[in-house]
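Novice: Could you slot chain V onto chain F? The hints should help.
Residue numbers (this note's numbering), protein chains in the order written: chain F, 1 to 427; chain V, 1001 to 1427.
Rather than coming from a laboratory, the hints here were simulated on the basis of the structure. Note that the structure is predicted; figures quoted are calculated from it, not measured. It is possible that some hints are incorrect.
[Said to hold, decoys possible] Derived lysine-lysine pairs resembling BS3-like cross-links, with alpha carbons at most 25 Å apart:
(1) V:Lys1427 with F:Lys84
(2) V:Lys1427 with F:Lys299
(3) V:Lys1287 with V:Lys1140
(4) F:Lys195 with V:Lys1287
(5) F:Lys148 with V:Lys1250
(6) V:Lys1427 with F:Lys85
(7) V:Lys1148 with F:Lys250
Protein chains: 2
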Amino acid sequence: MPITANDPKRKSWLEVPEKSDFPIQNIPFGVFLTKENVVTVGTRIGDFAIDLGALQQLHYFDGIELTDDMFMQDTLNDFISDGKKTWRLVRNRIADIFDATNPVLRDNPKQREIIIFNIEDVEMQLPVLIGDYTDFYSSKEHATNVGKMFRDPDNALLPNWLHLPVAYHGRSSTIVPSGIPVHRPLGQMLPKGEKEPVFGSSRSVDFELETAFITTDANIMGEAIPAHEAEDYIFGMVLLNDWSARDLQKWEYVPLGPFLAKNFASSISPWIVTMDALEPFRTKGPKQDPAPFPYLQTKGKKAFDIRLEAYIKTSNQEENLVTKTNFKYLYWSMTQQLAHHTSNGCRVNSGDMMGSGTISGPTPDSYGSMLELTWGGKNPLTMKDGTTRKFIEDNDTVIFRGYCKNNEIRIGFGEVSSQLLPPYIRK
Amino acid sequence: MPITANDPKRKSWLEVPEKSDFPIQNIPFGVFLTKENVVTVGTRIGDFAIDLGALQQLHYFDGIELTDDMFMQDTLNDFISDGKKTWRLVRNRIADIFDATNPVLRDNPKQREIIIFNIEDVEMQLPVLIGDYTDFYSSKEHATNVGKMFRDPDNALLPNWLHLPVAYHGRSSTIVPSGIPVHRPLGQMLPKGEKEPVFGSSRSVDFELETAFITTDANIMGEAIPAHEAEDYIFGMVLLNDWSARDLQKWEYVPLGPFLAKNFASSISPWIVTMDALEPFRTKGPKQDPAPFPYLQTKGKKAFDIRLEAYIKTSNQEENLVTKTNFKYLYWSMTQQLAHHTSNGCRVNSGDMMGSGTISGPTPDSYGSMLELTWGGKNPLTMKDGTTRKFIEDNDTVIFRGYCKNNEIRIGFGEVSSQLLPPYIRK
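Only chain F is shown next, with the shape it has when bound in the complex (with noise of 0.2 Å):
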């Protein structure tokens, strides 16, 4: 089935700002809340929230096999649940409804104010029920950074590195939505020198820039998921603002990998943009040497040219554009990921996450982690307004943003934006 939600050339009888994130090529899924408090499936189109509850009910989707509420639900997962097909069907025909040439709805403003809101009258939630959610650890430049400075700096990459997608699990129960400000964690660290640990704030709250996909149903227990079959179950993609305590990180993590570290928040961008409208931005992936194992090996284009800027907003509400980087420099796709995480039988769900892993490029100011970029807090950043940063302050707002771009559109994620404040304090 073609993807006639792609073609470049459409436009929409909806305003479209320029470098908008979200023209008519887009159409990603999400759930907002309105002003009176309804609770929707909906995409964006511009600076509008789209209800498709409302568009359904009023028989926009007809033809289109689905059940009678499935977009008046709280989270996407059913939606996502019906398959590749189906979301295609129905990007397709939101590009249909708002073709500037299409007069249906366009010309009844009725059914326009009962379906279109201003971005700025909603709240955006969480988009799916995340029922498990894995990180991977797939840029050979951030790995090799975090070898170097904790581990050998002449063997920086474990064994294993090269010959599979290492990954662990994460916390769903803290995955927040754009928006949501998090508490500066409380945890064990033990102060360099020092033999005893010690119980306190963290000092070193990090960010880590990463991208995840959000699944469908892929397989029963048991199961291998083949990497040329993948992609089906892929149905788009967020930005996620790890959250990491470093101190905490370095105390815990042995021999059982991160935990307080990590599970403490993670932010994700609220629209999920799907696969299909990333379609124009495929690229190839680094070379891998060794050569994969047959079950990760795939054929043609599995990178994504997504261009990646991490921000702190200080107090003085300036932006600091801290690096840029790209989806494309990772080493190991979300196919092989895919596939390695079912390569044992691990069932995969509806809305389930898989994090990139931070995402870091060739160059010092590519790299995804404060950690990173100032090399353990050696090389502090200066900050517009004269202050410092080894890591991020209580009260600064860290802002991902992630687009891609060719000669004829913008394909974009809007923003991850989450202020970092000071520990909770219990009432």
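Specialist: What follows is chain V alone, placed relative to chain F:
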């Protein structure tokens, strides 16, 4: 509110076989499917499954504040969310309904027929929708054994171990109830003495003898649960077999912990035994030295005397007892685990599951895994049929049983039993 359900003198008008794990003093909670394909929340007395949905509809819970469909659900999450007071009221009421001296239901054969099922006529389901699954590593003996085998015999425990209950996140999607078979996983491993990994069937599939506790909503994001409050948020316990592929684990686990070596399956016993039912079996845990940080300090008896056994059933259907251990050996208590887990503000929800980690006792016949029982495969165990086991073989069934016993009563978990099948072949 007194836990009247625990009265050791109480007898039920339902027959309870001698040595049953489910006298009227237990009253665990679970979810079952009847032959009529109805899923309901239930309890168990003797060898009878009791439909709590039917009891509620017939007004047996009148006077207790419950939503109308509290028990006509396919999980216990909503009931657990209602909190400790409700759990206790309902359990006390059930004890009263089935008390030998109470004729109301006893003498109503029509109602008995729709409320009470033979345990063999129902199919036990997962009792809760498990949002997040955390596995601790809280047996000092187990951590020491593993450290001796894989690291340094003279410094077996890592520096953090005595200061915090080490843990990692597991995978919820592959947690299954007793009775569901499990496939031997495929994966990467590094054969001994080789430099290059291979991909194939795991050759060292192991059980881990654990218990797990199920939580209720404990906090909002950012908020820590003080150790002295933590018990209020623990609903009850199950037996847990945290299946592990040792060869996959050894190759993949650095630096982010176990992943595919664990997430192919975790099996649990289907009846959640409440903390109220376990109350008579409180005991002191091991002395903790060094003294834990204040946020991990508790008063009183926080361990429980729960006897645990693991069996391997071979192809001739004979059960071989391979270990006997006890929950009370655990160094870190559940209270400390939950206080630690939330010390950084990590949100804990109704239906989250937290595993104890492998429970090993002080003597070699009380170790909680084949890895330890055979000391890395060096000392295979001999089965009654003359075959030997280094790890679990295809078609073996692993069975855990657990119970508490004093002079008056026995409160048990029943069992978690699951067969290991050969690797899955995709149709």
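Novice: Take the hints in turn and mark each one as holding or not.
Specialist: Verification of the hints:
Only pairs whose Cα atoms come within 25 Å are accepted, and V:Lys1427 paired with F:Lys84 is accepted, the gap being roughly 21 Å. Taking the CA atoms of V:Lys1427 and F:Lys299, the gap is about 23 Å. The hint holds against a cut of 25 Å. Only pairs whose Cα atoms come within 25 Å are accepted, and V:Lys1287 paired with V:Lys1140 is accepted, the gap being roughly 12 Å. The suggested pairing of F:Lys195 with V:Lys1287 holds, with an alpha-carbon distance near 22 Å, which does not exceed 25 Å.
A C-alpha spacing of about 22 Å is found between F:Lys148 and V:Lys1250, which places the hinted pair at or below 25 Å, so the restraint holds. The suggested pairing of V:Lys1427 with F:Lys85 holds, with an alpha-carbon distance near 22 Å, which does not exceed 25 Å. For the proposed pair V:Lys1148 and F:Lys250, the alpha carbon gap of about 22 Å is at most 25 Å, so the pair holds.
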